[in-house]
Amino acid sequence: MTWKHLLKTSTTGLSTNRSRSILTIFGIVIGITSIMLVMSLGAGAQNLILGEVQGLGTNTIAIIPGQVSTSPSNVSALYSDSLKPADVTALEDKANVPDLESIMPVVMGSEPASYGPNTYQVTIFGGTDLMASIFNIVPSEGQFFDQTDVDGHSDMIVIGADVAKYLFDTQDPLNQNINIKGHNFHIEGVLSKSGGGTLFDFDSMVIMPYTSAQTYVTGQKYYNRIIAQAISDQAVPVTAADIKLTLEESHNITDPTKDDFTIETQQSLANTLGTITSALTWFLVAVASIALFVGGVGIMNIMLVSVTERTREIGLRKSLGATDRDILSQFLLEAILLTCIGGLIGIILGAILAFGIALILSTALGINWQFIFPWNGAILGFTVSALIGLIFGGYPARQASKKSPIEALRYE
114 MTWKHLLKTS TTGLSTNRSR SILTIFGIVI GITSIMLVMS LGAGAQNLIL
164 GEVQGLGTNT IAIIPGQVST SPSNVSALYS DSLKPADVTA LEDKANVPDL
214 ESIMPVVMGS EPASYGPNTY QVTIFGGTDL MASIFNIVPS EGQFFDQTDV
264 DGHSDMIVIG ADVAKYLFDT QDPLNQNINI KGHNFHIEGV LSKSGGGTLF
314 DFDSMVIMPY TSAQTYVTGQ KYYNRIIAQA ISDQAVPVTA ADIKLTLEES
364 HNITDPTKDD FTIETQQSLA NTLGTITSAL TWFLVAVASI ALFVGGVGIM
414 NIMLVSVTER TREIGLRKSL GATDRDILSQ FLLEAILLTC IGGLIGIILG
464 AILAFGIALI LSTALGINWQ FIFPWNGAIL GFTVSALIGL IFGGYPARQA
514 SKKSPIEALR YE
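Per the numbering used here, the very first residue in the sequence shown carries number 114; after that it's consecutive.
No wet-lab data here; the hints were simulated from the structure. Take every hint as true, because none was put in to throw you off.
No more than 20 Å apart at the CA atoms, straight line, and that leaves these computed lysine-lysine pairs for PhoX-like: (1) K278 with K306; (2) K197 with K207; (3) K334 with K294; (4) K371 with K357; (5) K197 with K357; (6) K371 with K197; (7) K357 with K207; (8) K334 with K197.
Predicted model, so just to flag it, every value in this text is computed and none were measured.
All chains, full assembly: derive it from the sequences and hints.
Here's what the structure looks like:
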């Protein structure tokens with residue numbers, strides 16, 4: 114039997130029972146759609162996160178207190194108070210870190226802010242005027258505080274769009290005062306709506322000089338972060354190494370494994386986040402693949418029923434000269450066609466749903482969520498669909514090919 118005749122015979126057999134064929138591929142469609150959806154949204158999330166990380170500048174270096182560890186017993190190390198003013202002084206010394214361009218201590222916290230009868234929980238972000246260039250944020254109204262405000266522990270602040278909305282409603286917040294922990298802060302700038310970033314939600318932030326945050330809000334003498342910038346992208350590795358040596362000397366650390374700080378470059382952070390998002394995506398793909406297995410079992414079941422119902426057809430074809438191999442090939446091809454059609458429908462449906470969700474996320478949340486068609490997911494889905502048809506259709510096809518033509522013709 115030629116392949117052309119075999120394909121025609123198989124499609125005729127499937128079209129004879131259209132309703133059953135459609136229901137048979139339903140499980141495959143759900144599985145492939147889930148895989149496409151998960152991989153597309155995973156790629157979009159990864160692209161958004163990495164884009165925001167890279168937006169901080171490839172020459173940016175973050176110094177984090179404590180050793181970042183995945184071990185539950187070391188979680189407390191993330192809240193270490195190891196970064197002190199003496200460290201900033203040591204790092205600013207060109208003899209220690211010659212390729213350092215700028216450095217910014219960071220103090221963070223969370224407190225309720227009030228204006229009149231209105232209260233809103235805000236994130237305190239204490240830094241310097243370098244924040245505007247590092248995070249690429251510009252007030253839509255007013256201006257950022259400057260180094261003079263930092264040195265003088267000024268009460269000048271910049272607030273996010275949500276802070277302005279919930280505390281002032283339609284009133285202009287510029288040049289107004291809000292109260293945080295009993296101290297009045299003067300609003301010098303208001304940020305435009307950012308939609309909430311994946312790393313920093315500036316909409317709910319109150320940005321102030323880090324000295325003011327320490328003095329009036331947190332009361333701490335240490336820093337939650339130190340952000341440094343190298344003079345160039347090429348100087349980042351050397352600068353990071355110099356920072357490490359300087360802090361180890363400042364903290365009297367001789368064993369690098371006992372460092373009470375962690376240094377992260379933007380590239381290392383991007384690599385870490387990329388690994389995490391990829392692992393999570395593939396885990397969800399594995400979960401979604403369960404639907405494919407269920408669909409494969411359903412195909413085997415339906416094909417076995419089909420073999421039983423078409424017993425007389427098998428006997429008639431064998432009596433007219435069809436070989437066991439012809440019957441095996443026909444039923445196997447029917448199973449593969451079913452799964453491949455289901456795979457194609459799943460790929461198209463998954464891409465449409467992923468595009469719709471990406472559009473909704475971009476519009477509703479105001480974030481730059483891009484639709485990414487997962488070509489690897491499409492290839493994987495189609496390949497797996499064909500394999501499922503081959504594997505789960507193999508047994509029913511073999512059962513059909515082993516039927517005796519005489520017994521088959523007698524079957525009622």
